[in-house]
Amino acid sequence: TLTLTLTLTLTLTLTLTLTLTLTLTLTLTLTLTLTLTLI
Numbered sequence: 064t065l066t067l068t069l070t071l072t073l074t075l076t077l078t079l080t081l082t083l084t085l086t087l088t089l090t091l092t093l094t095l096t097l098t099l100t101l102i
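78 is the number that the working numbering gives to position 15 of the sequence shown; each next residue is one higher, with no gaps.
Calculated directly from the structure, the hints in this document are not laboratory data.
Values in this document were obtained by computation on a predicted structure and should not be read as measured data.
Check before you lean on any hint, since a few could be wrong.
Label-pair restraints from in silico Cβ distances [unchecked claim]:
no.: 1; residue 1: L73; residue 2: L99; range: 51 to 57 Å
no.: 2; residue 1: L73; residue 2: L95; range: 50 to 56 Å
no.: 3; residue 1: L95; residue 2: T64; range: 28 to 34 Å
no.: 4; residue 1: T66; residue 2: T98; range: 45 to 51 Å
no.: 5; residue 1: T90; residue 2: T70; range: 27 to 33 Å
no.: 6; residue 1: T72; residue 2: L99; range: 36 to 42 Å
no.: 7; residue 1: L69; residue 2: L89; range: 29 to 35 Å
no.: 8; residue 1: T72; residue 2: T100; range: 40 to 46 Å
no.: 9; residue 1: L99; residue 2: T70; range: 27 to 33 Å
no.: 10; residue 1: T66; residue 2: T90; range: 50 to 56 Å
no.: 11; residue 1: T68; residue 2: I102; range: 48 to 54 Å
no.: 12; residue 1: L77; residue 2: I102; range: 42 to 48 Å
no.: 13; residue 1: T100; residue 2: L79; range: 39 to 45 Å
no.: 14; residue 1: L99; residue 2: L79; range: 37 to 43 Å
Quick reminder that beta carbons are idealized off the backbone N, C-alpha and C, glycines included.
Put together the whole structure using the sequences plus the hints.
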């Protein structure tokens, strides 16, 4: 059904966005830590 497809698409998009945000946050934290260590 259309509703099910929409729900699935939304869930997938949300999961992807969350994963991306987490990855970005982790990368930023790592970069900051490295920069602080080098200084």
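Hint check:
Remark: the range hint 51 to 57 Å for L73 to L99 is contradicted by a beta-carbon distance near 39 Å. Between L73 and L95, the C-beta spacing of about 33 Å breaks the proposed range 50 to 56 Å. A beta carbon spacing of about 46 Å between L95 and T64 contradicts the range 28 to 34 Å that was offered as a hint. A C-beta distance of roughly 48 Å is found between T66 and T98, which places it inside the suggested range of 45 to 51 Å.
Separated by about 31 Å at the C-beta atoms, T90 and T70 satisfy the suggested range of 27 to 33 Å. In this structure, T72 and L99 meet the distance hint of 36 to 42 Å, their C-beta atoms being roughly 41 Å apart. The supplied range of 29 to 35 Å is met by L69 and L89, whose beta-carbon atoms lie about 31 Å from each other. Evaluation of the 40 to 46 Å hint for T72 and T100 yields a pass: the beta carbon distance comes to about 42 Å.
Taking 27 to 33 Å as the suggested C-beta distance range, the pair L99 and T70 does not conform, at roughly 43 Å. Look at T66 against T90: about 36 Å separates their beta carbons, and that is not inside 50 to 56 Å. Checked against the hint of 48 to 54 Å, the pair T68 and I102 passes, with Cβ atoms roughly 51 Å apart. For the hinted restraint 42 to 48 Å between L77 and I102, the CB-CB distance of approximately 38 Å leaves it violated.
At about 32 Å, the CB distance of T100 to L79 disagrees with the hint of 39 to 45 Å. Between L99 and L79 the Cβ separation comes to about 30 Å, which falls outside the hinted range of 37 to 43 Å.
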